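Peer 1: The C-terminal position of the sequence shown is numbered 202 in this note's numbering, with every residue numbered one higher than the one before it.
If you're looking for bench data, these hints aren't it; they were derived computationally from the structure. Everything numeric in this text was worked out from a predicted model, so none of it was measured. There's no promise every hint is true.
[Stated by the list, open to error] Subject to a maximum C-alpha distance of 30 Å in a straight line, what follows is the list of computed BS3-like cross-link-like pairs (lysine-lysine): (1) Lys41 / Lys177; (2) Lys41 / Lys67; (3) Lys177 / Lys67; (4) Lys106 / Lys67.
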Amino acid sequence: MKKLLSALIFTIATFILSAQSFRYQGFSGGMMLHAGYVQSKSSQAYFEGYQSLCQGVGGAARVHFGKYLRLGGEGYVSSANYDANESYVSLGWGGVLADVALPLKKWTLYAGGSFGGGSVQHLQRNRPLENDFIPDLSSNYRHYATMLLTPYVGVEYALNDGIHLTAKIDYAMPMAKDKQSICDFPLGPRLYIGFLFYHTNP
Numbered sequence: 001m002k003k004l005l006s007a008l009i010f011t012i013a014t015f016i017l018s019a020q021s022f023r024y025q026g027f028s029g030g031m032m033l034h035a036g037y038v039q040s041k042s043s044q045a046y047f048e049g050y051q052s053l054c055q056g057v058g059g060a061a062r063v064h065f066g067k068y069l070r071l072g073g074e075g076y077v078s079s080a081n082y083d084a085n086e087s088y089v090s091l092g093w094g095g096v097l098a099d100v101a102l103p104l105k106k107w108t109l110y111a112g113g114s115f116g117g118g119s120v121q122h123l124q125r126n127r128p129l130e131n132d133f134i135p136d137l138s139s140n141y142r143h144y145a146t147m148l149l150t151p152y153v154g155v156e157y158a159l160n161d162g163i164h165l166t167a168k169i170d171y172a173m174p175m176a177k178d179k180q181s182i183c184d185f186p187l188g189p190r191l192y193i194g195f196l197f198y199h200t201n202p
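Construct the complete structure from the given sequences, taking the supplied hints into account.
Peer 2: Listed below in C-alpha cells is the structure:
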C-alpha cells in the first residue's frame, strides 16, 4: 500500500508540474453509491475480527484549475452488517481532496486522494437479541474518531457537456499512532458509481 501511495503522489506531482496554467475552469460535483469488502483482525480483548460486504452513499465537489488539477472535498457514509447476531460497523468520513485528471475525448482518467477525519461506530453482539426491553450485557460498543488518508483512482465518461458518469475505487486508511485504538477499523476497497454534474469552461 505504501508503494501504491508513493506512486500515486509521484503521478499527481508530475501532472501538476507539467500543467502550463492553473486558471479557474469551473466546477463539478455529484453523488455516488458504493459497495465494497471490509475486514478487521481485531486484537482487542472484547472484540473479535470480522469481514463483510459494505455499502453506502456520499458525494464529492471539485473546483477545476487548468487542464489537470482539481481541488475540492468529499464525504461518505459506509456500513456493514456481519454475523448472525446482527453486529454492525459504520464509518462516516470526509475531507479535502486533490486529484489530477487526464481527458481523453469523452473519457477522463483521474487519480488523487483526500485527507480528513472519520468516525467509526461498532456494535458487536455476542448472542442474538431476544427482547428490545432487556439490556444486552453481552454486547460491545465502540465509537471513536480518527484522521484518514484515502487514495483513489477513477474514470469518467461524458454523457454530454454537463453530465458525466463516474466510477472509482478507494481505500480509506486510518492515521493513528496508537494502532491498538483503531484495530477494529473497517479496512478494505470500495467501488463507487454515480453521476457528476459539470459547469466548466469548454
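Peer 1: With reference to the structure, classify each hint as holding or not holding.
Peer 2: For each hint, the structure was consulted:
no. : hint           : in the structure
1   : Lys41 / Lys177 : holds (18 Å)
2   : Lys41 / Lys67  : violated (42 Å)
3   : Lys177 / Lys67 : violated (38 Å)
4   : Lys106 / Lys67 : holds (15 Å)
The earlier numbered hints that this structure contradicts are 2 and 3.
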